[in-house]
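Student: Take the given structure of chain A and dock chain Y to it, following the hints.
In the order they appear, the protein sequences are chains A and Y.
With numbering that gives the first Met the number 0 as the guide, the letters of the first sequence map in order to residues 0 to 749.
With numbering that gives the first Met the number 0 as the guide, the letters of the second sequence map in order to residues 0 to 161.
FYI, nobody ran anything at the bench for these hints, they're computed from the structure.
Where is the CB? At the ideal position from N, CA and C, for every residue including glycine.
Watch out, some of these pointers could steer you wrong.
Facing chain A, according to a computed beta carbon distance under 7 Å, are these residues of chain Y, among others [stated by the list, open to error]:
id: 1; residue: A18
id: 2; residue: Q22
id: 3; residue: E41
id: 4; residue: P47
id: 5; residue: N55
id: 6; residue: I60
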Amino acid sequence: MKPLSQPVNEPQERLQPLMEELSRKLDTEQLRQYSMPYLSGVLCLLDSIQAVLSSLKFPVFLKVIDLLNQFMGDILVEKMSYYSGMSYVLNLYELFEEAWYSLITGQEKFPELEQNLLRLRSMFNRVDVEGIIQSTANEEATIQVLREDLRKDTVLSDFVSESLEGLDAVEATLLRLENNPDQLELIQPVFRMIHTIKGTSGFLELTIIGTLAHHLEDLLGQLRDRTRVFTLQVFEACLHSVDVLKQLIQQVSDLIYEEPPVPVNVKAAYKLLSLCLVAEKKVPSFIPEFDSNASAYIKPLGAILIEKGMVSQEAVNEALEEQNRPLGEILVQKGIVSREGMNAALTEQSTLPKSSGKEEMVRVSSAKLDELAELMGEMVVALSLLSQNTEIAAVTSRRTQTNRKARERLEQLEKVTEHLRDRILGMRMFPVGSIFNKLSRQVRDLAHKSGKHVNLYFEGEDTLVDKTIIDSMYSPLMHLVRNAIDHGLESAEERQEQGKPTEGNLYLRARHQGDSVILEIVDDGRGLQRELILAKAIKQGLLRQGETLTDQQVFAFIFQAGFSTASQVTDVSGRGVGMDVVRHEVEKLRGKITIESAPHQGTTFTIQLPLTTSIIEGLVVRVGDTRFVIPMLDAKLTHIPKPEDLKRIQGAEQDLFLLAGDLVPIIRLHQFYALENAVTDPAKAVMIVVQVENKKYGLMTDELLQRQQVVVKNLGDRFAHLKGIAGGTILGDGRIGLILNPREVITCHQ
Amino acid sequence: MAKQGALFETSGGKLLTFALAEQEYGIPILETREVVGLMPIESVPQTPPFVKGVINLRGKIIPVISLRSKFNKPEQEFCKETCIVVVDIHNTLTGMIADSLSGVLTVQVDAFEERPQMGHNVRTEFIVGMVKQGKRVIIVLDMEKILANEDLAFIKTTKEEI
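Pulled out of the complex, with its shape left as it was, chain A reads as follows (with noise of 0.2 Å):
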């Protein structure tokens, strides 16, 4: 055995007893339970400790014990998370423990311990992080690991979706930051979430996500401390980081539903990160005044005490100066504000309402939500055809004097239902900002992909639209904005060109019209140019040199799938094949998309969506001995047409009628569903008129039988390959009606 540099056999038998305690202390059971007894505990051991070790020459030793009892000092005044903070220190304790008996039986392994500590250090400090880039292995493709038994546990699919939503807001509010560097109280809330994320994610041993938010909190910490000014790269850092950690607690999520995980690359993250705490911090030149009126947020200390009238702004200027303290610390410190004065602006502070617009929340699955939407559809139908239920008219008709309390009870329970109706399709509904926001990050880096400078400009975010709409259109608008951008908007130069500001700008809007939502998406960029459409419309054969169209009909053209006038290609678009999609999208919603626009000066188009999915309100039809439903959002007139009116015309397919000057072309239904017993000649049936595209059509049908609202069922999987049939429903004599979709059978009629 090698002999030893220094002999341990005497600061041994001190330290024997007193490692076992701490050794037990640290065990699990005890950890778990935070209690201020249970700390002091540990920390007069380690001073115990450090008393032994101190008459040894070992360094090393004295170094551990000091990070010892800085991460516990952390921990006290709450800077570290109890659950993250404890295990660091339990990680630290284990390789003490372990050099140390390594030690006192020969052999010394300082250099390991050196390097431990090291890493921990690193992993914890502000300053060192080469360390964190090495110490963090293997990130290209990182999958973490779950513990099993939480895995089944509601707590970690709630830190999922509340993490999740969280950061949205974060990113958000990161990006109003970004275009108001000046409204520092933004940084609050954002701080907040990710050092809630990082506590919780350290309890949950996420140790990944927690490492990566606690980085992210020491950036932002900086920020919030006015230690370190906003530079573009600062902006890159956090944002990175939030798309780490979303797509980290993505891969947790799908790690608990046992789906494939989706490996997820850390270590960029952390190079943006380093790169900023490494920089020389640069302090501001000035300290904005505080603008008490300015934050919907936690109102600042110092703003509070200048309201009180404790503090003068310069005094709080100066206290701020001093970094790495508490404003409230310093001025009390200082003598400026007494420490009553103190408590109660701190009483204050958190006692006002902390962020706008938080309620109380209750989770219901959305199943449960959509079967009582359906629910709420059959009591509105079943209601409706009551009141219309001839018996019962004629006993509440207004002009019997005798039934008034019948009517009256009737009135009574369709406003009751009217408004049960409303407030069941509410609970559906949220706000179409939500979607806003998470555009303006693409619309962000597109623009400086693109070298555009692009102000966008919100408008009605807080429209409240079904959640089916702000799923299904989020990708559609995207990829709208996406044009717009990529395509719609001209260089600045260009712009400059024609006398235009050198920014381009980008409106979204959104507002109810009637029982629509109307989604706007305007940009003020170069048009479209209605000779290439034409030419390359030509070219695909899609129409005829000489056909007249108006400039709707010619921007129509633009939703085939694989047309595109663009001459480059992009990554993001010119493919051709997403306005396609955008149209499909709108459609199975049941709305329209149209599009305005004038060279030089810009593109509109405006998507018009039903305010509920599984209401509309139609037209019965008979044909045959079917019943057909057409929706009133589609037809535009019901008309008999007069033997004289109707035209066959040399080499058309089809019989037109004459209305009011133009020439309809005829759908007959009987013939395109092979429907038996239904009426053949057109001057004997009734023609619904219907408008696609700017052009009318007139479905061929027996009979009209009644406008009615219905609830729409999906039919199912067996009848998906139906064409221009949108679903069923139930009439009111019980009998099926099928709901039809105009323009998918004018589409395949043709």
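Tutor: Below, chain Y without anything else, positioned relative to chain A:
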């Protein structure tokens, strides 16, 4: 083998038996949801001949198929015994027209025979096996296969038409 399991392990050997074109058939009881009397069937265009249409089952729209058509047997008028057996396969409900309902039968494992190799009126992949009960011979149907196959067949035929 798996289907046998469905019959004996899950359904405890209980079969819902019904008659169709002078032959008795059975379905494991847990695959059946309910049996309803004949109600108006609304025909749906562009569907294969064995899809008779849809019915309104207490507010749900459910497709109804005709096994006679599926098994290439001659069609027959509905009579007062005709009923619709609603089966639940993978949470999808489908109705089947039966001439009459025989009842629920509990079978023993040893009364069960796997499907025969020889030719039969019915295409053999739809059969799980056969059960003998005294003089009765009951064909146990594989509803999953019966209801799945047709979509492919139909898509195939429509493709050929186009």
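Student: Against chain A, with CB atoms and a cut of 7 Å, does the hint on Y/P47 hold up?
Tutor: 10 Å, violated
Student: Go through the hint on Y/A18 and say holds or violated, using the shortest Cβ distance to chain A against 7 Å.
Tutor: 26 Å, violated
Student: Under the criterion of a CB-CB separation shorter than 7 Å, is Y/E41 in contact with chain A as hinted?
Tutor: 4 Å, holds
Student: Hey, does the Y/I60 contact hint survive, CB to chain A under 7 Å?
Tutor: 5 Å, holds
Student: Can Y/N55 be said to touch chain A, with a Cβ gap under 7 Å?
Tutor: OK, holds: Y/N55 within 7 Å of chain A, min 5 Å.
Student: Let me know if the C-beta of Y/Q22 comes in closer than 7 Å to any C-beta of chain A, holds or violated.
Tutor: Violated - the Cβ of Y/Q22 stays beyond 7 Å from chain A, reaching only about 25 Å at its closest.
Of the hints listed earlier, those the structure fails to meet are numbers 1, 2, 4, in rising order.
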